[in-house]
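Once you've looked at the hints, dock chains X and F against the given chain Z.
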Amino acid sequence: MSYGGHDDHHHDHQHSHWGPHDWDHGHGGAPHNSWAPIMIAFGSSLFLLGFTKVFTQTWDDEADLWTYAIHSSQIGLLIAGLAIFSAGITVFWRQDWSHSGSFEPKAVGTPFRTIDIRKVAIWMFLMSEMMVFSSLFSTYIRYRTGFDNCVSLFESSIEPGSTVVLEAGQQCWLPASYFIAEGGYHQANAHAALGFMPDTLIPGAINTFALIVSSYTIVLALKTAKDTTLSDAERNSKVGKYLSITLFLATLFLTFKLIEWFVGFEIGDKGDWYHFYAPSLSADHFTIHESEYTYCHLYDEAAHACTPGNEAIFDIRMSASTFYVTTGTHGVHVFGGMVALAYMVLKAFRGGYTPQNAVSIEYFGLYWHFVDLVWVLVFPAFYLY
Amino acid sequence: MIGSMNKSRTLGILAILLLAVAIAPSAQSYPTGISGAQDGGCSCHGQTPSTEVVASLEGLPSELEAGATYTLNITFTGGPSYNDNANPAALGGFHLWVSDGVLAPVDEMVQLNSDGSVTHTGTDKADTGMGNDQRNWTVEWTAPMDGGAKFILHVNSVNGDQTNGGDMWGKLTADVGPQPAEQASGLTVLASAILLMVVITLSCILWVFYRQDPGAFAWERFWPWFSDYITSTDHKKVGTLYMVNGLFFLGVGGLFALIFRVQLAVPGNDFLTQDEYNQFFTMHGTTMIFLAAMPMIAGFANWIVPLQIGAQDLALPRLNALAFWLNPAAALLLFSGIFSGQGADTGWTGYAPYIVSHTAHSGATLWVAGQILIVASSTVSGINFMTTFCTMRAPGMGWMHMPLFSWSMLIATLMLFISIPAFGIGLIQVLLDRTIGTVFYEVAAGGDPLLWSHLFWYFGHPEVYVVVLPAFGVISEVLSTSARRTIFGYKSMVFALAGIGIVGFIVYGHHMFTSGMSPVLRFVTMLTTMLVAVPTGIKIFNWLQTMHGGSLVYRTHTLWALGFLVTFTLGGISGMYFPAVAMDLHLHETYFVVAHFHYVFVGGIIFGLYSGIYYWFPKATGRMMNEKVGILHFMTGFISYNLIFWPMHRLGIQGQARRQHTYFITTDEYFALPPEAADWNMLITIAAFMFFASNLILVYNMISSGLRGQKAPSDPWGGWSMEWLVSSPPPTPSHDPSNLPVLEFAEIHGDSEPGFFGKMIQWMMIPEDGEDGGEEE
Amino acid sequence: MRAGGEIFWYLFDIWNIWAAIVCLIVAVWLFHHSLKYRSTDGSDNNIDDFKPGVFPRENDDLKMELTWTIVPFILIVYLTYIAWGPIDDMWSADPDAHEISVTGNQWYWDFDCDPFRGTENAPESYLPMENRSSAVFYDENGILICEITTIEVEGQIKPMLRVKAEQSYGFLLTSNDVTHAPFFLDWGIKEDAQPGMQTRLYHTPSMDEVGSSLLMCTEYCGKDHGYMTAVVEVFV
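Here the protein sequences line up with chains Z, X and F, keeping their order.
Read in the numbering used here, the first sequence has 107 at position 107, and its numbers run on one by one without any break.
Read in the numbering used here, the second sequence has 345 at position 345, and its numbers run on one by one without any break.
Read in the numbering used here, the third sequence has 215 at position 215, and its numbers run on one by one without any break.
So that you can see chain Z by itself, here it is in the shape it has in the complex (with noise of 0.2 Å):
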């Protein structure tokens, strides 16, 4: 509380508590005092107020579950929120503008001596995000081995042929990839002149390719960083190239992933023949709320409906919860690269990377590497299997 003895060390030269800092002069380098911290806490704390408040739900009493409701009258909370954590992030980078590299502190105990000290912190850090997915995983693994899968429980449990209907809202497991692997969407969406069921797995695909090139376009703008043998305008502009690729691939993979997930999409007219309609994963009730999933076994194409006693309703609720919220966790790590990545394109362009500081670089590389890494793991056990 009183601790005021060491209120000693007046500042040298002044430092900004909110802007450029030199990190060439002053007490072993790093900023002394910041904004950020306090601002991102804070808007950290306002913007999950908000949140809760946008979705704060009711329970209905006669009816006997939730109503689910967005008060997007209380957004501007949320809002607040989110600009006083953006303004603490923006804080936190401005100080870090003009970080040359002249200043990077390295380890002195064994066993990483002489390694950046801000390595073993990534490091560390992969080591929790680890876990988190790791999480995730067991969280899906215990779900889908405890599930019944609908189409197995539907074989199962219905004599062919007969006209019983399933009781309505059984739990069972619809996994995300009869959706987008095996084209088994609603049949409310099967496009009869096709006379196949269109595959929406091409986002995915296409995802998958775009984030392991991503992963090879960081290193390409680390090894352009580091190469002494450029001038540095060509410098510059190659790393911020290169840069500005990994982050197109990264915008590409959130919009394709928005177009599966709400959005859908359709080419051509229909009855040409390269007609084409993927159906969005959302159009195809494959929502966190569907708990009346209408399951259709067998469809008849010529009456563009379900064959009579082929049909169930089931809840699919979980299988549709471990999906968005794992995929979505990936997601927003993505869109946290994304930040950065548009941090780093800004400051390569403006010539902020040279040999000496190309290894923050390689550090944002190691952090995007094992995004890519989780989507791998990822891509076959919710889109494949």
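Calculated from the structure, these hints are not laboratory results.
Worth double-checking, as some hints may not be accurate.
[As the list claims (entries may be wrong)] Facing chain X, according to a computed beta carbon distance under 8 Å, are these residues of chain Z, among others:
#  : residue
1  : HIS32
2  : SER34
3  : ALA36
4  : ILE38
5  : PHE42
6  : ALA87
7  : ILE89
8  : PHE92
9  : PHE103
10 : MET124
11 : PHE147
12 : SER321
[Unchecked claim] Result set (DSSO-like, lysine-lysine): computed pairs, CA atoms no more than 30 Å apart in a straight line:
#  : chain 1 : residue 1 : chain 2 : residue 2
13 : X       : LYS491    : F       : LYS63
14 : Z       : LYS106    : X       : LYS759
15 : X       : LYS628    : F       : LYS36
16 : Z       : LYS238    : Z       : LYS226
17 : F       : LYS63     : Z       : LYS106
18 : F       : LYS63     : F       : LYS36
19 : F       : LYS51     : X       : LYS491
20 : X       : LYS628    : F       : LYS51
21 : X       : LYS150    : F       : LYS36
22 : X       : LYS491    : F       : LYS158
23 : X       : LYS171    : F       : LYS158
24 : X       : LYS711    : Z       : LYS106
25 : X       : LYS711    : F       : LYS51
All figures in this text were calculated on a predicted structure; none of them were measured in a lab.
We treat Cβ as the ideally placed atom computed from N, Cα and C, and that holds for glycine.
Chains X and F in isolation, oriented as in the chain Z frame:
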């Protein structure tokens, strides 16, 4: 001129303080209270009160005569007794309670209850009275010798079909004579107390600022001074912020405990409503663990670790500040629920599916959101500390040369940040369940309640080691320095820490022995839990043996460390009762558990941290702490602490369950808690107030010694680790980065070469290319 | 009457003895060392020559450290061995046990003396009979095995479960809303009643346990958790 202005301002602050004390509503409770049953209804049939049934109570005087006896007539109208009564034999019942004076039955239609209230006869089969075949009854009431009284009357209108269905009841309250001051609700008491604490804390900050240099006092200097603290990334200032935050919330958590101890002081109390009680114990646990214990530990770690391992600062100073500021930001979320009157009422474990059910308060959503920020804070600080330990140990300091406090922090941090993401993901799932409507824990959609238990305890059990290991570290430092001996068995201490760290991950199933988890898992965790006793025992015996051949210097921190040895041994041994599953089936969720974990949390962690405060205070402030006041703090604290928690063992074996709004005492009809339980509970409540008060002594001691204590030398206790190398208070940066200290050795060590794993890691590390290879050698 | 069952008290007594022995050792050691090895004149005798920044000389004894690793380990093994046996008693399903279903609700208990009535998953030994209902159960010989009535607990009407002494009972626990846990105070056993799951608890009330005792909820379940009580009576 300036001096007088300062005086007037100081007086102004004092006046504000006084005003705050005065406007805080007085907390007054009825000594016996009314049975808690009253809130959920009465002894009546039917679920909800009905406006149809109108009770009346006649015969109360307008002017009360002290000691006089009045005859009261009780009647009611309406309800099934009047409307559609197929069976005129069963008409109704009543229950009349009065806060003061004596009630007596007049005829055999009315009987006296053990709590002094009266009710109709014929309440069950054994009772042959015809009192439940009436619509009016007569009782006598003798007024108290002074003051007035409050009556609460419940009447029941019965249709006589022998079931509760269709029956209705009504309620009437009446006052007579002068009334005592209105009883403040528990929430008001809490809010006022916390407000008062905030005011006092802010005043303390102002006062500290003023006292630092009274001569140069000027308000213009306050903001630069203050903003320097809140924007600081210096590990010492952030450590101070952590400590202030931790001690503040230790007080808040204590207030919660005091308020619900008042509720539990006597059986059948209604000082708090069920809703308030549930929120208060939830917030007590959450506050104590996440907002008091963890920040205090982080405060110590911030202050001491860089000094002790010979580093200039932590590895990532700005992220360190971020990790701190996430704590008060989380506290805002955690507490905004309770001040809206709908705070989380889930228990600190937040078990699913209750936490996602509609019966949980809406504040549970905010509680979950706040916990997410706590998780973020722990993750960030975990990364920071792990990096610091791995990279910033001073030259010459191998892994096996780190002081034991640093070792304990290393193991604790590693455990924390490997386990806490599981909790974070669980919280995110719950948050999404409660907001956008995912169904991870929705039983109707196939959600598994045990999944939450697994995710929570996978984190929750390592968490208790995370908070207790640093206390172990503090005790190791304090005992060794006080006994003037090297800690006995340094290596076995480190291996014991590591052993606890590893085994700690696979014992969590013992929290779920009664949860319906698979018997195989229960058996495995029973074995591993038993096994944890071995490394813990090694530590205790090593501490004891450290004193051998030493020259123990008794100071306050020594006393707290010896007190820790007593209480932690007791807490550790009571912990050994749980892994025996057959015993756990009885002890689970009783006060025996409460006693055990408070013996470990308070007797282990808080005692350890108090020892640490007395030990490192001179280093941090450059002032010695007052030993006499410190010993007073220890004596009062140690005694009252044991008075609180020792009887809880007995209560737990007798079967008092935790998290219950009140408890029942054995009657003729059934066996519950023996009557002595009421006395023990009263003792616990009184001792709790004493313990709270004793901690104020510490706060006083810290402030007054920090400002006026003797100047401290750089090594006041004669310790060996590197924090004693630098001046008190330490300079900034803590160790000169261009001239880092090099650890020397009293004996030649054979093992200063890296070991097998060290060589492995070094082999895997590709040295950074360029000019700097080997620069630091 | 006292809380806790036979097995609990059997183990508890053994544990108490060992706890007392360990406590005694620690206490004697602590008081002896802290008094004998105190600084008598209050001066600072720097026995191990502590100097800031110098790792002090070693102070250990492998034999002693091994002793207090191995001896507690043996004690732990012994205690585990003792605690092992009763687990089987508690968890092994008795095929002849009379099954009673216990269902938790916010905030009351539902008992059913005859949970297999009209269902298909009854055990083989189960014979449907006329004089059975959810509230009362007679065995083949017409002896009362289980009955449910009501009783007033602290002014509230609560269910009362009556069971016969020296009869084997299996409790089928489940819940309709959130997690609850019936705590049979007098028998010293409890188990969570989880929604969407069925857990089990076996007990044979002894003649010592004749009488009524409280049944509480011991898994926090919301507002009236503390009042979610019932009474269990063991009759002869």
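Among the hints numbered above, which are violated by the structure, and what are their numbers in rising order?
6, 7, 9, 17, 21, 22 and 24
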